[in-house]
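S.K.: According to our numbering, the stretch in the sequence shown is residues 209 to 438, in order.
Hints are computed from structural coordinates only; laboratory data are not their basis. A hint or two may mislead.
Pairs of lysine-lysine residues, derived as DSBU-like cross-links and limited to a Cα-Cα distance of at most 30 Å, are as follows [stated by the list, open to error]: (1) K409 to K293; (2) K293 to K251; (3) K241 to K293; (4) K230 to K241; (5) K368 to K420; (6) K251 to K230; (7) K225 to K251; (8) K241 to K368; (9) K225 to K293; (10) K368 to K409; (11) K231 to K293; (12) K293 to K397; (13) K397 to K368.
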Amino acid sequence: MELNVQGRNVAVPERFKEYAEKKSERFAQLGDKVQTIEVKVTKDNGVSGHQGIRVEITVIGRGPVVRAEARSDDKFAAFDEAYAKLIEQLRRARDRRKIHRGGHQRPIAVHEATGSLPVLPSEGLPAPAIEEELSAAEDEAFSDEYALSDTPTPVEIRRKRFPADELSVDEAVDQMELVGHDFFLFVDKETQEPSAVYRRKGWEYGVISLSKDGTAAEEQTRAYQPQASV
Numbered sequence: 209m210e211l212n213v214q215g216r217n218v219a220v221p222e223r224f225k226e227y228a229e230k231k232s233e234r235f236a237q238l239g240d241k242v243q244t245i246e247v248k249v250t251k252d253n254g255v256s257g258h259q260g261i262r263v264e265i266t267v268i269g270r271g272p273v274v275r276a277e278a279r280s281d282d283k284f285a286a287f288d289e290a291y292a293k294l295i296e297q298l299r300r301a302r303d304r305r306k307i308h309r310g311g312h313q314r315p316i317a318v319h320e321a322t323g324s325l326p327v328l329p330s331e332g333l334p335a336p337a338i339e340e341e342l343s344a345a346e347d348e349a350f351s352d353e354y355a356l357s358d359t360p361t362p363v364e365i366r367r368k369r370f371p372a373d374e375l376s377v378d379e380a381v382d383q384m385e386l387v388g389h390d391f392f393l394f395v396d397k398e399t400q401e402p403s404a405v406y407r408r409k410g411w412e413y414g415v416i417s418l419s420k421d422g423t424a425a426e427e428q429t430r431a432y433q434p435q436a437s438v
């Protein structure tokens, strides 16, 4: 397993590299065939102009890329926060693999497989609200801010555009868990409809789609089918 530590506009001492190397051993235990771990340390300005440290950790392996980041006044504190987020994402991905691979019976619905488990609260709101997703990906997308009108007003609308990825519902669930969001926007590969998957209670998920012809469809439930291991 290879570890790359890079600094941007900030010096990265050897002590930090050793700390990151020791902590990163846990990623190999939770992930599946982890090949490379990238740690980027960046000095940047916050919304208020206050300078802070942002640490981004990326785990690259056999499956989809897993990434988490955090900000703090101290690089070690920022690393620990991003590390905790990433560990949780890897654990959830591993547990979903266990649920699907357990035994040789047909795949069952996630809520059936985990019905006896305690409900795990998710961070933030279980949101079908697009604004939350946009805020969560603030550093990854084009941003355009403008006022509602030319008259003075405290209300603003922030618009962000994202690449329209064509995914299956199961792939979208995987991507949502890997980036640690409460929901994920995508274009349904099967229906070609703009859609959003979101996290419900425990291990249940939901998907909302926009019908191109303006018609509504009946609610459907099916088993989760993992697309790739992490």
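S.K.: Which earlier hints can't be squared with this structure?
M.R.: Of the numbered hints given earlier, the structure breaks just one, which is hint 8.
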